[in-house]
Amino acid sequence: MATATVPAVERENYLNKEYGIGSWLLTTDHKRIALLYLLSITFFFFIGGFFALLIRLELLTPAGDLLQADTYNKMFTQHGQVMVFFFLIPSIPAVLGNFLVPLMIGAKDLAFPRINLLSWYLYIIAGLMMLHCMLTGGVDTGWTFYTPFSTAFSNTKVIEAGLAIFVAGFSSILTGLNFVVTIHRMRAPGMTWSRLPLFIWAHYATSIIQILGTPVIAITLVLVVAERALHLGIFDPRLGGDPLLFQHLFWFYSHPAVYIMILPSMGVVTEIIACFSRKRIFGYTFVALSSIAIAVFGFLVWAHHMFVAGISVYAALIFSLLSYAVAVPSAVKVFNWTATLYKGSIHYDAPMLYAFGFLGLFTIGGLTGLFLASLGIDMHVHDTYFVIAHFHYIMVGGALMGYLGGMHFWWPKISGKLYPEGLARLAALTVFIGFNLTFFPQFILGYLGMPRRYYQYPPEFQVLNVLSTAGATVLAVGYLLPMIYFLWSMRYGKPAPNNPWNAAGLEWTTQSPPTTFNFEQEPVVTWEAYNYDELDKGHKEVHVVG
Amino acid sequence: MSDSTTAVQPHEGLHNPALLHHFSTEEQQKDSASFGMWIFLGTEVMFFGGLFCAYLIYRGWYFPDFAAASKSINAALGATNTAVLICSSLTVVLAIFAIQTGRRGLALVMLALTMVFGLGFLGIKGIEYHDKFVEHHVPGASFSFEHEPVPGHPDQYANPRHAEIFFALYFIMTGLHALHMIVGLGIFTWLFVKTWRGMFTPRYYTPIEIGGLYWHFVDIVWIYLFPLLYLIDRHP
Amino acid sequence: MFDNFPLWPKQASSAAGNVDALFIFLVIVSGLMTLLVFGAVFYFAARYRHRKGELAEQVEGSTPLEVLWTVIPLGVFMVIFAWGAVVYFQSRTPPRDSTEVYVVAKQWMWKLEHAEGQREINELHVPVGRDVKLIMTSQDVIHSFFVPEFRMKQDVLPGRYTVAWFRATKPGTYHLFCTQYCGTQHSGMIGDVIVMEPAQYEAWMSGTNNGPLSVAGEKIFAELGCATCHRNDVQARGPSLLGVFGKPVQLEDGRIVTADENYIRESILDPGAKVVKGFKPVMPTFQGLVSEEQLNALVAYVKSLGGPGQPATKTAMSAPDSAAGKGNQVQ
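Residue numbers (numbering that gives the first Met the number 0), protein chains in the order written: chain E, 0 to 545; chain U, 0 to 235; chain Z, 0 to 330.
Keep in mind that the hints were calculated from the coordinates and are not lab data.
For glycine and all other residues, C-beta sits at the position ideal for the given N, C-alpha and C.
Hints should not be assumed to be uniformly reliable.
[Stated by the list, open to error] SDA-like, lysine to any residue: derived pairs with alpha carbons at most 20 angstroms apart:
| id | chain 1 | residue 1 | chain 2 | residue 2 |
| --- | --- | --- | --- | --- |
| 1 | Z | Lys-9 | E | Gln-461 |
| 2 | E | Lys-342 | Z | Glu-65 |
| 3 | Z | Lys-9 | E | Phe-460 |
| 4 | E | Lys-156 | E | Ala-228 |
| 5 | E | Lys-342 | Z | Lys-51 |
| 6 | Z | Lys-276 | U | Phe-62 |
[Stated by the list, open to error] So the derived label-pair ranges between C-beta atoms look like this:
| id | chain 1 | residue 1 | chain 2 | residue 2 | range |
| --- | --- | --- | --- | --- | --- |
| 7 | E | Ile-317 | U | Ala-111 | 50 to 56 angstroms |
| 8 | E | Phe-45 | U | His-146 | 55 to 61 angstroms |
| 9 | E | Thr-41 | U | Gly-119 | 47 to 53 angstroms |
Bound conformation, chain E alone (with noise of 0.2 angstroms):
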C-alpha cells in the first residue's frame, strides 16, 4: 500500500490530468474513453427501459387501451433494438473492457488509442441516428426485421433503423480487433496466457465472435436497406427471393451475439467470486477453454431459432444437436464457480451479491435453453413468452447482473471513491427479488400460449401479466438506486485505497483512480493469477525491472 497520506483521487490521475469539454472528446486515453461510454450506454439504457416501462403498463390490461397498435409495436422493436445493439452488446467490453484490459495485463494503453476513440465516435453517431429514426417516426419490425415485412410492407422507418444498426456494428468490430491485437500483443512480461485473468479470456472470446459475426448482419442489412430502397427481389418470394435466406442470414449473427452479451460478464463473476472466496478459480484452465468453446459453438447453432420457420426436418435434428453442444460449457462454468466457494472465505459484499444473483439467474435461464433446444417443446413454446423469459433471464438476470456487479467492484478504482455498501447490498436484493417477479410468470404465461409482441391477449392471462408488471416497478427502482448513489459517491463518497478489496490482479497495484498511463514503470510478471493466498498472508507482489 503506498505510504502517501494524500488519497490517490487528490493527486494526479486520469481524471484531473486535464479539464475541458476537449481532452475528454478528443481523448485517446483507454480509461476516459470507458467513461465516454459509460455515460452513453447508460442514456440508452434509460430510453429502453422506458419502452420497457410503457409495454409492461400496456400489458396490464388484455384490451389495448394504453397505447395504439401501432405504436405498441413501435415499443417493443425499439426496446430490443435500443437494449441489444446500444446497451447489451457494448456495456461490460467498452466500459469495464475498455477501462481494464490494458491494466489488467500490464500495458500503457490498448493497441489502437485513436482506434479505441473511433469506435466511440461510431457509437455515437449510431445512436444519433437511431434517437432520430425513434423521434420521426420509429420502426415496427421487431427488432429482427423479418422480411418481407421489414422489406416490403412496413411503413415505418426500417432504413434508417438498419444503417444505424450497421454503424453500430463497426463500432462493435473495432473494439473487438483492438482487444484481440491488445491481449496478444501488449501483455507485460512474464504475463503468459495462463497467467490470464479470466476476464481477459472472456473478453478474448467474446471479441473473436464480435470480428467473424458482426459483418454478417452487416452485409445483412445492406442487402434490407437495399431491398427496401431500390424494390429488389432478394428477400421477397413475389419476386423470386427467399424470406428464409434472410432469417438464416439474420440469425448467423444475431446467435453469437448473445454470446458477446453473456461472455464478458461471465468473466466479471469470475474475477468477483475469486476475490470474495479469497481463492482461485476452480479449474482455470477449463474455465478459460469454456469460454473458446461457447465461442466456437456458438457460430453452429443458430438455425435453432427457426425450428418451425419452415426449414427441413433434417436440419432442425441438426441444430438442435449443436445446441445441446453448446450448453455444456456453460454448465460447466457454473460448476466451477460453484466449486470455488469450496473451502473458500467468503465475504458478502455487494459486488459478490450481485454474483450470487448472476449465479442463480444464469442457472436458470441456461436450463430453460434446455427446453428450447428441446425439438418437441420448442414447437409449442417458439415465439411464446417463454422464449421471452428465457432471453431476459441470460441478458438481464445473467449479463445485466454481471454488469452492475462489475461496477460495483471496479467502481474503487474508477473513480477513486468508495460507494455505500449497504445501499449497494439494498440495490442487489431489490434487483434479484424485482427480476423474478418480473419474467417467472412469463415462463407461465409462455407455456399456456400467449405469443410475442401482443399488445392485447385472451383474458385469462391478466393474472400474470399484472404480476409481471408489478415486478418491473420494484426492478426499476433496484436500477436507479446504483445511478443515484454512483453519482453521489463521485462528489461526496470516502475516497478509496488502492486495492480496497485485497484483490487480485494488476489493475489493483495501481493507484485508485489510476495515472494516465496506469504504470509508473511497466511490471514483471512472476506469479499465477489469483495468488489469493499470498495476498491474506500479506505479501508483496509487485515486482518492477530495476
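Fit chains U and Z to the supplied structure of chain E, relying on the hints for placement.
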C-alpha cells in the same frame, strides 16, 4: 505471439519519433499494426462472405437464368479489369521494395502507378455500369430481361425475375467492391503524400505495408468476383 | 386445483400429452439441477463464510470432477435431445389419410378452405378424433398458425406451402393465434378451432353448398386452358397429371423430385424452374393470374387425379350433395 520477456526499453532520447508512446518497442508496434490489419481483413472476408453466400444459393437454384444474365455482362472488360488489378498489386509490392531499399523516387512512381491502375479499374467499371443502364439491366422500375435465351437451350427463355436477382447481386457485390477500391485510393493518396514528405524509411514503412495488405485483399475479392459473375457457363 | 389457475393449457390433441410429458421431464431435470446448484451455493456460502483469522484453502481444480460434470450433463442432454426429436418428428409427419384443409393467411385474418368445400374465416371446424392436415400459405408476410391446446405451431410463408397436422381429442373451442409478428393487427389475428362430435360435424358440413375444392379446381383447370397441353395422349405438350401426385418426377436436368404440393404450385407459377424430362419449356407462367385460393383449388384437383396413396376420387367428388360425396374423407 510475443510472450515478451525483453526488459523495458528506457526512453532513449534518440528513439524513432514514429514510435507511439504506449508501445515498448518498434517491433511491438509493427507487429500490432500488421496483426490489426489482418484481423480487419478477416472481418472484410466475413462481410463479403454473406454476399457470396446469398449469391451461391441463388446461383444454385436459378442456374439457367443466372447463366443467361451472366452472358450479358462483358467478360472482356472484366478480364481486362482483372489484369489491371493484378498489375496494381505488383506495383504495390514494388513500392514496398523501393522503400525497403531506400529508393524514395521509385516508391513514389510505384505508388502513383498503383493509383493509376486503380482509377483505370474504376473507369472500366463505369463503362460496364453504363452499358447495363442502357440495356435496362439495372434492377428497379425500368428493368427488362425479356426473351433472353438460356445458354445451350435456345428454345428456353430466362425468367426475368430470377435474372433481376442476378443483377441485384451483381451491382451490390461489384458496387461494394468499387467502394472499397475508392477507399483504397484514398489510403494510397495519403501514403503518396507521406512518402513525398519523407515519412518512410527502410526502418519504418509499416503504413505502406498494411495499406498494401488492404489493397491486395481488394484485389483478391475481385479475383473471386470475376469468374463467379462473368464466367457462368461460358463456352469458347 | 389447476382449473382456476392453470399452469398449462388443456390437452386437446393427440400430441399434447407427448409434449407435456417431455416438458415435465425437463422441469424435473431442471428442478434437480437448480436444487443442486442453489443448494451447493447456499451451503458453501454459509459454511465457508469468512471468519476472522481463518484463511481459504486453495483447492485448485480436479480433472476427474471436470470430466464428470462435462460427461454427465452431455449424456442427460442427449436423452432430452432424442426424446424431443421423436416428438418433433411425429408432429411433422402427417398421417397418410388425413383430412386436408387449405389455409391462406393474410394481414390480418385466417382464410380456411376444407377440401370438401366449406370455407371459413378465422374459424376452423373439425371433428374429434380425425387426423387433419393443414396446407398453408400466406398472401403477404410470414404468419404462424398456433393452437396452444394442440401444442401445434407452424410458420406460414408467402410463396410456398408449409404443412402441419393434428388430431383433436376433446370437443371444445380452442384459441388460434398468429404467432409470427406480421404488422399492426398481429395481436388481432386470432380465431377459434372448434372441435365437434362427428355427428355435429356432419350437420355443420352439410350446411354449406360449396362443392369440394377439387371440383372448383377442375373448373379453373378448364377455364385457364390447362387441358390444352396437359392431356393424357402422346401428342400432349405437357405431362399427364393422372396419378402424378406424390410420385417421383424426373426433370430435364437429371434431377428427380417428388410431386408434392409445393411442386405443383411452383409448376404453375414458375414453370421453367423444373421442366419434366422429354418436354419442352413452353408452359407460360400464371404468376399474378391466379390467387392463392385458386392455386389451392388447382392443387386439390391434381391430388384428386390420384397418385401413390391417393386413389382417384374424381368421380366420387363430382356431385357435391350426393350421399357418396358427404362424409367422404378426401384422400
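Against the structure, the hints:
1. Only pairs whose Cα atoms come within 20 angstroms are accepted, and Z/Lys-9 paired with E/Gln-461 is accepted, the gap being roughly 18 angstroms.
2. Proposed proximity of E/Lys-342 and Z/Glu-65 is supported: the alpha carbons are some 18 angstroms apart, at most 20 angstroms.
3. Distance check on the hinted pair: Z/Lys-9 and E/Phe-460 sit about 14 angstroms apart at the alpha-carbon level, within 20 angstroms; holds.
4. The suggested pairing of E/Lys-156 with E/Ala-228 holds, with an alpha-carbon distance near 11 angstroms, which does not exceed 20 angstroms.
5. For the suggested pair E/Lys-342 and Z/Lys-51, the alpha carbons sit about 14 angstroms apart, so the restraint of at most 20 angstroms is met.
6. Of the pairs offered as hints, the one joining Z/Lys-276 and U/Phe-62 holds, with about 17 angstroms between alpha carbons and a cut-off of 20 angstroms not exceeded.
7. Checked against the given bound of 50 to 56 angstroms, the beta carbons of E/Ile-317 and U/Ala-111, roughly 53 angstroms apart, stay inside it.
8. Checked against the given bound of 55 to 61 angstroms, the beta carbons of E/Phe-45 and U/His-146, roughly 60 angstroms apart, stay inside it.
9. Checked against the given bound of 47 to 53 angstroms, the beta carbons of E/Thr-41 and U/Gly-119, roughly 51 angstroms apart, stay inside it.
In this structure, none of the earlier numbered hints is contradicted; all agree with it.
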